[in-house]
Amino acid sequence: MLKKNIWKRNIIVLSIILSVILIATLFLIFNFILKANQIAFREEEIPVLDTEKINGFLEKIK
1 MLKKNIWKRN IIVLSIILSV ILIATLFLIF NFILKANQIA FREEEIPVLD TEKINGFLEK
61 IK
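In terms of our numbering, the sequence shown is residues 1 to 62.
Because the hints were derived from the structure by calculation, they are not lab data.
Now the in silico label distances, taken between C-beta atoms and shown as ranges:
hint, residue 1, residue 2, range
1, Leu28, Lys3, 34 to 40 Å
2, Ser19, Lys53, 56 to 62 Å
3, Lys35, Ile6, 40 to 46 Å
The model shown is predicted, which means the values in this text are computed figures rather than measured ones.
The beta carbon of each residue, even a glycine, is placed where N, CA and C say it ideally should be.
Produce the entire structure from the sequences given, and follow the hints as far as they go.
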């Protein structure tokens, strides 16, 4: 009887530990996906070459 209770308790503790690990892993994956989306869809201006400034600079050099 005592052995059966110990096995039951061990199985319960193991399942709790595994579920915590699973939840933590899912949270990390979800967080990583959100971070990747923030980087991919960042609302920043893309720097564009200003051709007028470049041409003016080239004229000054000549």
